[in-house]
Amino acid sequence: MATSEQSLRRKRLDRGIKARADTIFAVASYREILYLMLPRLVPVGLLLVMPLLLQGYWNKVLVYACMYGLLALSWDFLASCGLFSLGQSLFFGIGAYLAGAMNYYLHLPPLVTLPLATITGGIVSALLLSPVMRLRGVYFAMVTLMLPLLLMKVIETTGVFGGTHGLSGLSPLPHDAFAAYLAVIAFLLCMFAFRRIINSDYGLVLMAIRDDDRAVMSGAINIYWRKSQALFISGAVGAFAGALMTHHYQFLGMSTFALDYSILPVAAVALGGQGSFAGAALGSMILVPLSEALRALGGLRIAIYCMVLIVSIIGLPEGIFHFLERKYHQFETVSEVK
Amino acid sequence: MCMEYTSLKKDVSLVLGTSGINPKKGGPVMRRKVFLLALLVLCIVTMALVGPMPGPSTATAARPIVIGVPTSLYTPFGREGLKAVKLAVEEINAKGGVKVGSENRPLKVAVADTRGGEPGTPVHDALMAIEKLITEKRPDAIVIGPFRSEVLMASMDLVAKYRVPQLGTIAQTPKFQFKIKKDPEKYKYLFRVTTDALVDATYLNNTFDILKNGYGLKNVYFLYQDTLWAKAFSGLMAKHCKKTGWNQVGFEGYAAGATDFSPALTTAKEKKADVIGMVWDVPLGAGMFAKQYEAMRVPSLLVGFVPPMASPAAVETVGPGVEYHIAIEFPIGASLPLKKWPKSGEFLSKFKKKYGALPEAAAVNSSAYDAVFILANAIEKAGSVDPDALVKALEQTDYTGASGRIRFNAQHIAIFGQENPNKTGMCVIFQWQKGKDGKLRRVPVYPSSLAEGKILLPPTMKK
Amino acid sequence: MSLLIYGLINSVILALYAVGFSLTYGISGLANFAHGALYILSGFAAWTFIHSLGLPFAIAAPLAILVTGVVGFLIYWVLLLRLRGIALAELIVTFAAGVAILELLTWKGFYGIRYSLPLFIRGGVEIGSVAIDYQRLFVLIAGIALVILLWLFVHHTRIGLAFRAMAQNERTALSVGIESDWIGSLSLAFGSALAAVAAMVVLPLGVMESTIGYEVLIYALAVAIVGGLESTMGMVVGSFLIGYGQIAAAKYIGAKWMVIVPLAAIVIVLAIRPSGIFGKYKELEERV
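Protein chains in written order, with the numbering used here: chain F, 379 to 716; chain W, 1219 to 1681; chain L, 201 to 488.
Please keep in mind that the hints were generated in silico from the structure rather than gathered at the bench. Glycine residues also receive a C-beta, built at the ideal position from the N, C-alpha and C atoms. You may find that some hints are simply not true.
Each pair of labels, with its calculated beta carbon distance range [claimed, not checked]:
#1 W:Gly1463 / F:Thr536: 31 to 37 Å
#2 L:Ile341 / W:Pro1517: 24 to 30 Å
#3 L:Tyr334 / W:Gly1463: 38 to 44 Å
#4 F:Lys716 / L:Gln368: 45 to 51 Å
#5 F:Thr536 / W:Lys1436: 30 to 36 Å
#6 W:Arg1281 / F:Leu702: 44 to 50 Å
#7 W:Asn1465 / L:Val270: 53 to 59 Å
#8 L:Met433 / F:Tyr706: 55 to 61 Å
#9 F:Ser578 / L:Ile477: 42 to 48 Å
#10 F:Ile664 / L:Val270: 32 to 38 Å
Only pairs whose alpha carbons sit at most 30 Å apart, straight line, appear in this in silico DSS-like list of lysine-lysine [what the hints assert, rightly or not]:
#11 L:Lys451 / W:Lys1489
#12 W:Lys1304 / W:Lys1599
#13 W:Lys1490 / L:Lys451
#14 W:Lys1461 / L:Lys451
#15 L:Lys456 / W:Lys1436
#16 W:Lys1489 / L:Lys456
#17 W:Lys1326 / W:Lys1572
Based on the provided sequences and hints, a complete structural model is requested.
Encoded structure:
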């Protein structure tokens, strides 16, 4: 029972503007409209303008960031379906190899290889992971962790598609700014598309599979088909990222299956917050430029990603985005308990 | 049953979410504080490590000429090469710098660790590091260059795009010159000051001839690292051996990240190989192989390129089992002072004086040292650091340094021969032998213009 | 004949890698994916004790084992404590911790031929036509001893039984008086110490470097999964399967295929029968 001493409690209340901007009153005045639109418009506007402002090396960093953002988004999408993969580099590498091989052996131009690699990459990833789709939780994660390593060793051993030395001299994208815009627009489209999908009925079924797959099964829904669809979508996005990188750097090698490409998306989502895709996007936009700025530190960068990952999971599991969102919508006061 | 269900639910629920069985220690507010504190500490530590951002270069009496060194400092070749470059830069600056036109300008080294030698690094990453160095530090020339042949090939387009003259001193793949040949105008900025696999293989082929003709050995087992350069190298040796009548009992390629060579060593022993021809440059595998070879007491002569076993410190780090190992040092002056080529001794004694020990690896260090002087001479000849003028001057290089006499052929690679260091660049083959005092020394045995002794066979092999 | 003997040694080395991992993951149900990092950390710790403090190897080795045990203990208290029950978060966090440790070591310059531990005794012996060095004999003895000790520990001592109880049903264990936090941290400490013991015996065979840490983790995982997580017998069988599998692949297919064996084994076993050969078939938890 409460003691006689005074005790305080913390209250969270919606901000006035949030209450006023609810439902139809969102269009009541410019203030409400701005309140709702600004957090969406400002980042999008910034991203759309960046390719024009940045040159050379930092332009590449922007493309890098969007590409990691795509991987983080695809991770988040899979996580929303209950499939926690530690091997995003699988999708990345598959897309990279498909696009690179098509360009090198069949001499198809990038504008053709990119869409082809995306769709084919999605199909191949879904097929590759279909035998292990039945696994849940940790076991699925372990398989996805091992698969890219396995593929990397197989390529190294058999020497297909260039083996250890890879394929170089692939065709570039027409223009640096074109590549940057392609990356940025794909990233933004992907984020908004995923948000819409998850909020629709289709997404509801996927989230139900995450929460309780047996209940969904007992509702006569074929969860394997849904899971493979989720894998296809996610794999296609990852493959697009891989194909884009291949053409941007004009080089393809087995290092596309590296552990780097698996860890950073997870760190980005952990930092940004899982569930809302904006968190994944925010996390990658923070981590990638940070890692480029820290390039002088060499291997320490990866140690820093890992520490960020650990600190985020333990200290702030909801992620930065949810934290910011809450601060934006609510304020806290302390009041006495009488 | 109920408990099982709840624990199942936990597995499937939001994974990065709230706590498990334990009650929250300290509550959400406490955790957030800890998180923010940790983030703050992380930021501070990062700032402290990265240091203040480099501002625009202050205008001193004369603007320095920037030499970019993007290489993998993980490998001994990169590390020691960088030391050799710094030594050369110091020497030149002590004499007043490089005369560009009418003014004397000092040299400055800008380093970038591409991590290209580390097994897990994607090639994209290494390329980004090179590009960052070029765009931020704006070097007038690049020296040493990438370690891994794959990174070198991928970076050729990058360097050509930014028009920075590059003097490569590590990567040995012959595909380098084939690519230059395909488009000489585009790749004219790229040079190689050191040897390549073709040269190294020729030296070893001649060694094989000596072993066969002079000592009657006949079984050979080839083991190599499955990368561009090592594969080319071993293939050339195997072809030569087949042609000259050697009996090849094996030709095995191991993955670059391999750490267990016992199958190969046992096969070599079973098939009674007289000679094991081994080519490996990744430090981890080379070290493991050296130790396993010594421990398994394989009674074969080890010939080839295994850096830890050829290093000056091999006796301490690997053990007395390195005796009789025949190694190639490319080019001369990299770590073995030769009595018949004093310039190698000069470089190495200066190196030892400054850094306290001889270079760790018996390869390519002297090329890095010579490359700086070649560059300085070319700048003085061209009278400017304009890339195209510099390239023209570089093409006419005729410099005699620790690695021999360096001149470039039409594909911008240094000419190496087997006669005399006064004519061309040279390599040397040496063997670990016990001297009269019982200590193991490295004795050059080929070519005759540099040899100080003859090849000795281990007692187990004397017929 | 030589292939048989080297296959045996290879398998015992794999069993040594897996012993510590098996104790924490298989028997206590705690994911410790920093296993490989702890293995290498103990090696570098011993090296530092030998070269910077001048201690003889006989003292440096037990000290390194102790230090690694303490680090394992700390991993539980700092990281896993707050994540108990969420299996995936445990995996990710310990894996990230392992990678961080390995990359820190590389960044600090811990690589190169200088970093190797001294052999216990130099020299070797001939068995049949095969020369085996004493160090490898030590590995054989140590491996067999550790496996037997592990089995005895887990089946016949109070603490070992407590580990198993915690994995089977934590609430019941709590109600019997087994404090899960303390037991969990002990389990992690023991597992790390076992990794260190393996390191002290196996590392002198070669040089030390962070890349080995990743390899050790994969091998340990492969052995644990192929054999089945909770059983010691499974661990032994798993290590022999993979060890001889590697040697066979090297001889009959090509030396390059050696590294693929453990990875392929993990993927295939997880796809067909995730509990492994000797594992209890936990169908409900692992697949739909």
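Verification of the hints:
no., hint, result
1, W:Gly1463 / F:Thr536: 31 to 37 Å, "holds, 33 Å"
2, L:Ile341 / W:Pro1517: 24 to 30 Å, "holds, 27 Å"
3, L:Tyr334 / W:Gly1463: 38 to 44 Å, "holds, 40 Å"
4, F:Lys716 / L:Gln368: 45 to 51 Å, "holds, 49 Å"
5, F:Thr536 / W:Lys1436: 30 to 36 Å, "holds, 33 Å"
6, W:Arg1281 / F:Leu702: 44 to 50 Å, "holds, 46 Å"
7, W:Asn1465 / L:Val270: 53 to 59 Å, "holds, 56 Å"
8, L:Met433 / F:Tyr706: 55 to 61 Å, "holds, 57 Å"
9, F:Ser578 / L:Ile477: 42 to 48 Å, "holds, 44 Å"
10, F:Ile664 / L:Val270: 32 to 38 Å, "holds, 34 Å"
11, L:Lys451 / W:Lys1489, "holds, 13 Å"
12, W:Lys1304 / W:Lys1599, "holds, 22 Å"
13, W:Lys1490 / L:Lys451, "holds, 17 Å"
14, W:Lys1461 / L:Lys451, "holds, 27 Å"
15, L:Lys456 / W:Lys1436, "holds, 26 Å"
16, W:Lys1489 / L:Lys456, "holds, 20 Å"
17, W:Lys1326 / W:Lys1572, "holds, 18 Å"
Violated hints: none; the structure is consistent with every hint.
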